[in-house]
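Chemist: Please take these sequences and the hints and turn them into a complete structure.
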Amino acid sequence: MRDKTKQLWYVIPLIFGMSLLAFLPVREKVADELEIGSKAPLADVKVEDVSGKMLTLDKVAKGNGLLVNFSCNTCPWVARWEDRYNPIAQLAKENNIGVIMLNPNSGYRNRGESMKDMQERAKKSNYQFYYALDKNSKLAEAFGATHTPHIFLFDKDMKLVYRGAIDDNANSAENVEHPYLKNAIKNLGVGKEINPQTTKSLGCTIKWPS
Amino acid sequence: MLYITKKLKILLLGLGLLTGALSSSATASGSVQADTLLKDVNPAELKQVIKSYQGSKVVLVNVWATWCAPCVEEFPEIVKLQRSYPDQLQVIFISADFPDSRDRALEFLKKQSINWTTYFKTGKDQPFIEAISPKWTGALPFTQIIAKDGSVVDSWEQKAGYDKFERYIKKALNQ
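Chains A and B, in that order, give the protein sequences. The end of the first sequence is residue 210 by this note's numbering, with every number in the run present. The end of the second sequence is residue 1175 by this note's numbering, with every number in the run present.
Derived from the structure by calculation, the hints contain no laboratory data. Accuracy of the hints is not assured; some may be wrong.
Stated by the list, open to error - Here are the simulated lysine-lysine pairs, DSS-like style, with alpha carbons at most 25 Å apart:
#: 1; chain 1: A; residue 1: Lys59; chain 2: A; residue 2: Lys93
#: 2; chain 1: A; residue 1: Lys138; chain 2: B; residue 2: Lys1135
#: 3; chain 1: A; residue 1: Lys39; chain 2: B; residue 2: Lys1135
On a predicted model such as this, the values are computed, not experimentally measured, just so you know.
Modeler: This is the structure:
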């Protein structure tokens, strides 16, 4: 009995202390994007493509590297940039760079981001590259991806060499002044330095699992 | 006849000036005309707008768009906060809608009964993002809470509810 009373002396302050934590302001994590030079994370994790094929980033990568695009079906920004998706995939192919697009919107799988929705989008838009489902947004989390579209380009050693935007004009491919990603792919293909290495653009926040 | 026409012109001019003055002096407690309800803003102007409240009010910057579901969901919560803290807080809404959706943004603001000036992003994304926060990666919605002394209390890229917004506003007010 005395032992139990003694235990309570430890447990009560602990419970009280923990309950106080609930009143502290919660500082939400600001995602840290993968740093330039970092290795591609979770490159051996299997993801399912719209074709039903199981892929890994390692397997999709080609001799000169890998392009990863976090994208989705429901974002208007993706819709605006989508006319550049196939030409960029073609350019990557010509430069011996593999391409995969990952859908990280786990929180919207019943709101237009299911595998079935992805298959329909891939067919409708005639995607000429892999479009795989990022289950529970694990890859997006590991990459520090925050929005769609969000670009990550890796070199032959799977080290990050470019991160950010496709270009500087979502609204019009014709009026692009700085085709950041195309330039990065071309430079990576011939072993030239990439500049800028990071850029920013607006996009739809990733719908994380609840 | 000529005299009457001249008088009429003066009267109309006076009315025009009066309307302009009323619309430009609108505050959180008044009403605003369509042209001041949603004003075009470039990065330099935006910095100035935010800075203008330094020393007088806590600022909540919120970047939203009509096509952004989480933005539209949290928007009324932020409006409620502006109404709860009229003297201590200034909400600065910035629409990042595409230029061809400007009218849609304006309609949304009217439906939300917004009665203070909000802003419409112009120009390219990168300078706009950097003008607001170097920590912002570009995801929408984006919120930033700024204390009266101009220091950033916190910022985030996901949707939030009334309680979270209020918690950070109170934190800013106590700084």
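Chemist: Hints first: check each against the structure and report whether it holds.
Modeler: Here is what the structure says about each hint:
1. Lys59(A) - Lys93(A): holds (15 Å)
2. Lys138(A) - Lys1135(B): holds (22 Å)
3. Lys39(A) - Lys1135(B): holds (22 Å)
Going down the numbered hints, you'll see the structure goes against none, and every one checks out.
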